[in-house]
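Read top to bottom, the protein sequences are chains X and U.
Using the numbering used here, read the first sequence as starting at -5 and increasing by one per residue.
Using the numbering used here, read the second sequence as starting at 129 and increasing by one per residue.
No lab work stands behind these hints, which were simulated from the structure alone.
Glycine included, every Cβ here is placed at the ideal spot set by N, Cα and C.
A hint or two may mislead.
[As the list claims (entries may be wrong)] Below 25 Å or equal to it, Euclidean Cα-Cα: the simulated DSS-like pairs (lysine-lysine) are:
1) Lys90(X) to Lys310(U)
2) Lys164(U) to Lys375(U)
3) Lys310(U) to Lys300(U)
4) Lys375(U) to Lys90(X)
5) Lys261(U) to Lys337(U)
6) Lys206(U) to Lys327(U)
7) Lys206(U) to Lys326(U)
8) Lys261(U) to Lys164(U)
9) Lys90(X) to Lys337(U)
10) Lys327(U) to Lys337(U)
11) Lys396(U) to Lys167(X)
12) Lys90(X) to Lys164(U)
13) Lys365(U) to Lys327(U)
14) Lys90(X) to Lys396(U)
15) Lys90(X) to Lys365(U)
[To be verified] Now the stretches of chain X that chain U is said to cover, found in silico as 3 or more residues with beta-carbon under 8 Å:
16) 71 to 85
17) 151 to 164
18) 186 to 193
[As the list claims (entries may be wrong)] Just some of the chain U residues that point at chain X, by a computed CB distance under 7 Å:
19) Val242
20) Gln280
21) Lys286
22) Asn312
23) Leu328
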Amino acid sequence: MFGLDYSWLADPAYQSWLVTGVINTLELAALSSSVAILIGMLGALGLSLRVFWLDALIELFVEVFRNTPPLLQMLFAYFTLSTLGLETTDPVTGLKMPLLSAFACACISLSLFGGALAIEAFRSGLETMPKAITEAGRSLGYSRWARFWRIEVPIASRVCLPSLTNILTNLFKTTSQASVITVPELMYYAGQIYNDTFRTLEVMILILIIYVVLVSILSYGMSRLEAYLTLPGYGKEQ
Amino acid sequence: MNKFGKLAVSAIALASAVASNTVFADTLDDVIARDKLIVGVKNDYPPYGYLNDAGETVGFEVELAKYVASELLGSPDKIELVPVVAANRIQFLEAGRVDVIFATLGVTDQRDEVIDFTVHYVNAAGPSVLMPKAATVDNWEQLKGQSICGIQGSYYNKKMTEEFGINLVNFKNQPDAYRALKDNRCIGFVFDDMTLQKKLEEADWSDYKIAVTPYEYLPMAGGLREDDAAFAEAVNKAIVKAEGEGKLIEWETVFGMPHSEYIAERAKAAAAQN
């Protein structure tokens, strides 16, 4: 079609590279998204407690991890943490080696980066909570924890779903940067395949389509979730 | 068709329009009209192309490029050196950003399908493996299942994984790979033998050795766009003239390379022809 040459796709080596690449990309995205959401919830809960030192700590965390490029965080984790003492001894060779694998480094930095963004998203959800609702909860005798868990979270999580979708799709695409620290995900293998075959355009088109499909599935899932959780009077009507 | 289907089709259509737009111009005419030869060379790859202490790009292939420029245009200074790396040199050539590449380009069948080669002027050792002196490994088969650092895009990566079963940990550039080897993220670094030999001369690397030697020798040549006959002939004539004059042997000495039989024999054959 259109004079594009996809004969290299018949090579079993390239097929298995692409499959492994997609699996690693999905694993990295799923793990870091889950941890990021968890961090976001905990961070927003922490902020809602209005404890001075905890606020400062969380704000610092958000500023550091939201305002630095995830690529830099990955390189930092991969190359410098071991010199700061995060080392272990290889049981086979007896040599000192870094404690964190490339995958772990990528996963941690993506989780922290996504987590910092998610804290802000959840916080904005909590802050839009009408004061009347929390006051109503108080007058009904709900404790601070019960108000947070049974009233604020259910409403706030619905309000912040659209921005959470943004964060998760961005995080998914950012996994491609992990190829720099040798995590064999989709971009890592794509580069190798077009360097072997010189079918740069064909490989890039295929990779582009794979990313579009994967991220579309994610955003479709999120929009279904949004529709399912929709509250009367909030968000779009069905 | 849904939104994404339409998007995908228009992306493919756009891309193929770009692809079919490649024009095969006569490079020789362009070079003469421009009065300058634009050459893709390495600048991080001693002894073939690297930056000297004064910040100038020098090396075996840079000298060759200058010689070709002086043959075509009458002066070795009528040249523009464009730094390229393994991962973009073919693309630079195809896109017309350079006229020719002299950039440690090994002659392989796959490359031959997309570009043309000049005469093969060097027979270079393929990859070898740099390891700590204490390593007991001495052949490729023993590396099966081991983590070895490498460079993304190297032509032998597929063979390493498929044939030798090596678990390659591939970096974007050499400094990262050297660093990872020192951190013991991998037990060795597989790369071009000549570069690793040069690395061993550095004081930092005295505890390391070439543990596994190259399994092949690969001829190296300049790269040209396909079906560019007049330009190819002119470039080849210049290279053979340099060989016949013993220039390549001279450059081996200048850049501290061991004298190879291959270059000596080509020099003799070329001298006999001239």
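The hints, checked one at a time:
With a C-alpha separation of about 10 Å, the suggested pairing of Lys90(X) with Lys310(U) holds against the 25 Å cut-off. Pair hint Lys164(U) plus Lys375(U) holds up; C-alpha atoms about 22 Å apart against a cutoff of 25 Å. Restraint check: the Cα-Cα separation between Lys310(U) and Lys300(U) comes to about 17 Å, which is no more than 25 Å; the hinted pair holds. Simply put, Lys375(U) and Lys90(X) have alpha-carbon atoms about 48 Å apart, too far for the 25 Å limit, and the pair is violated.
Taking the CA atoms of Lys261(U) and Lys337(U), the gap is near 5 Å; set against the 25 Å cutoff, the hint holds. For the hint linking Lys206(U) to Lys327(U), the alpha-carbon distance of about 33 Å lies beyond 25 Å, and the restraint is violated. Under the criterion of a C-alpha separation no larger than 25 Å, the hint pairing Lys206(U) with Lys326(U) is inconsistent with the structure, at around 31 Å. Proximity of Lys261(U) to Lys164(U) is assessed by CA-CA distance (about 48 Å); at most 25 Å being required, the pair is judged violated.
Among the hinted pairs, Lys90(X) with Lys337(U) is consistent with the structure: their alpha-carbon atoms are about 19 Å apart, no more than 25 Å. Annotation: proposed proximity of Lys327(U) to Lys337(U) holds, straight-line Cα distance about 10 Å (limit 25 Å). Among the hinted pairs, Lys396(U) with Lys167(X) is inconsistent with the structure: their alpha-carbon atoms are about 57 Å apart, more than 25 Å. The straight-line distance between the Cα atoms of Lys90(X) and Lys164(U) is roughly 53 Å, outside the 25 Å bound, and the hint therefore fails.
Taking the CA atoms of Lys365(U) and Lys327(U), the gap is near 34 Å; set against the 25 Å cutoff, the hint is violated. Only pairs whose Cα atoms come within 25 Å are accepted, and Lys90(X) paired with Lys396(U) is rejected, the gap being roughly 52 Å. At most 25 Å may separate the alpha-carbon atoms for a hinted pair to count; Lys90(X) and Lys365(U) exceed this at roughly 55 Å. Chain U is given as covering the segment 71 to 85 of chain X, and this holds because 3 residues of the stretch bring a CB closer than 8 Å to a CB of that chain, at least three being needed.
Requiring three or more residues with a Cβ within less than 8 Å of a Cβ of chain U, the coverage given for the segment 151 to 164 of chain X is violated, as only 0 such residues are present. Coverage of the segment 186 to 193 of chain X by chain U holds in this model, with 5 residues showing a Cβ closer than 8 Å to a Cβ of that chain against a need of three. The beta carbon of Val242(U) is positioned within 7 Å of a beta carbon in chain X (closest approach about 5 Å), and the interface hint is therefore held. Because the smallest distance between the Cβ of Gln280(U) and any Cβ of chain X comes to about 5 Å, under 7 Å, the interface hint for this residue holds.
Checking Lys286(U) against chain X: minimum C-beta separation of about 6 Å stays under 7 Å; hint holds. The beta carbon of Asn312(U) comes within 4 Å of a beta carbon in chain X, closer than 7 Å, and the hint placing it at the interface holds. The interface hint given for Leu328(U) is violated, since its Cβ lies 20 Å from the closest Cβ of chain X, which is over the 7 Å cut-off.
The structure is inconsistent with the numbered hints 4, 6, 7, 8, 11, 12, 13, 14, 15, 17, 23, although it conforms to all the rest.
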